[in-house]
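Undergrad: As a plain string of letters, each chain reads:
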Amino acid sequence: MSLTVKNKDTIKSFWAKVAPRAEEIGTDALSRMLVVYPQTKTYFSHWKDLSPGSAPVRKHGKTVMSGVAEAVSKIDDLTNGLLTLSELHAFQLRVDPANFKILSHNLLVVLAIQFPDDFTPEVHVAMDKFLSALALALSEKYR
Amino acid sequence: MVEWTDAERSAITGLWGKISVDEIGPQALSRLLIVAPWTQRHFASFGNLSSPAAIMGNPKVAAHGKTVMGGLDRAVKNLDNIKAAYAGLSVMHSEKLHVDPDNFRLLSDCITVCVAMKFGPSCFSPDVQEAWQKFLAVVASALSRQYH
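Going line by line, the protein sequences match chains A and B.
Sequential numbering from 1 applies to the first sequence in this note's numbering.
Sequential numbering from 1 applies to the second sequence in this note's numbering.
Extracted from the complex, chain A is given alone in its bound form (with noise of 0.2 Å):
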C-alpha cells in the first residue's frame, strides 16, 4: 500500500494547513490517547501529569508532531529518512509497534476535528496511508 504521487501531494497540501497548529494538534492527539487507551500511559509513568492538555503532555505532543513533519519532508524514502529516529525508539523507548496504530488514530480523529472542511475522505486515506507508512518506517530497526 504505498504512496502515489497523488496521496503525496495531498500530504503536502494538507500539511502545509496543519503545521501551524501542530503543537495543538500533538497535544490533542496525545491527551486522547492516554484517555481513550489507558495501557499507553505505562510509557509516561515518569511524568508528574498525564491530564489532557497537561504540561509533559503539550511538550512531548510538540516533539512527536515534529517528527511528522520529519516524515513529511522525507515523504519519497521514510525507511532511510528515519533510521535514526527507528533506533530511538527500537532500542531506547522500545515502544510496542502496536501502538502506532493506536497514536495514527488519534491524530487523524484530531485532524477530522480540527478541518472539518478539509478533512475529506480523499485527504483522509491520504493521512493513514502516510502514518502507517511511517509507523512502518519506524519499526525497521526492531528486529
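In short, the hints are calculated from the structure, not lab data.
One or more hints might be untrue.
[Claimed, not checked] Stretch-level coverage of chain A by chain B, calculated; a stretch enters the list once three of its residues show a Cβ under 8 Å from a Cβ in chain B: (1) 81 to 92; (2) 101 to 109; (3) 120 to 133.
Virtual Cβ for every residue (Gly too), placed ideally from N, Cα, C.
Starting from the known structure of chain A, arrange chain B on it as the hints suggest.
TA: Showing chain B alone in chain A's frame:
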C-alpha cells in the same frame, strides 16, 4: 458483562441523541469504502464505486449507510445486554454476509471520525471519545461473537 460508568452511559446516550443517522450513516459508510477500498468486496451489486465522488453520490451506499448506522440504536437501547441483543445479527454477518470481523473495527473508526468532525472538540471531548469508542468496541465484539 460490560460495566458502564454513569458518565459513560450519559456520554453515549447524549451523543446518540444528537446524531442524525441519515447524515452520519452515509458519510461513515462512504468513508469506509474510500479509506479501506477492500471493503467494497461486499457491495458488488451497488453500481458505480469507481471513485470517491461516485461512492459519495451513490444512492445505494447512502441507503445502506442509514441501515447500518440505524442498527446501533438497538445497542444504545440495550446497553446492559448488547451481546444478546446482537446474537441474530452476528449469525447473519457470519453465515450469510461472510464479513471479516476486522471490518467492524474499520467501520467503527470511520464512524468515530465522522462524529468527531460533526461535533467538534468541546462536545466530542477525550472522555466522550473514550465512552463512544468503548461502546463501538462492545458492539463490534457482540457482532463477532457468533462466528465459528
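Undergrad: Now tell me if each hint is right for this structure.
TA: How the hints compare with the structure:
1. Closer than 8 Å: that is the beta-carbon criterion, and the segment 81 to 92 of chain A has 0 residues meeting it against chain B, so the requirement of 3 is violated.
2. Counting residues of the segment 101 to 109 of chain A whose C-beta lies closer than 8 Å to any C-beta of chain B gives 3; at least three are required, and the coverage claim holds.
3. Counting residues of the segment 120 to 133 of chain A whose CB lies closer than 8 Å to any CB of chain B gives 6, which reaches the minimum of 3, so the coverage claim holds.
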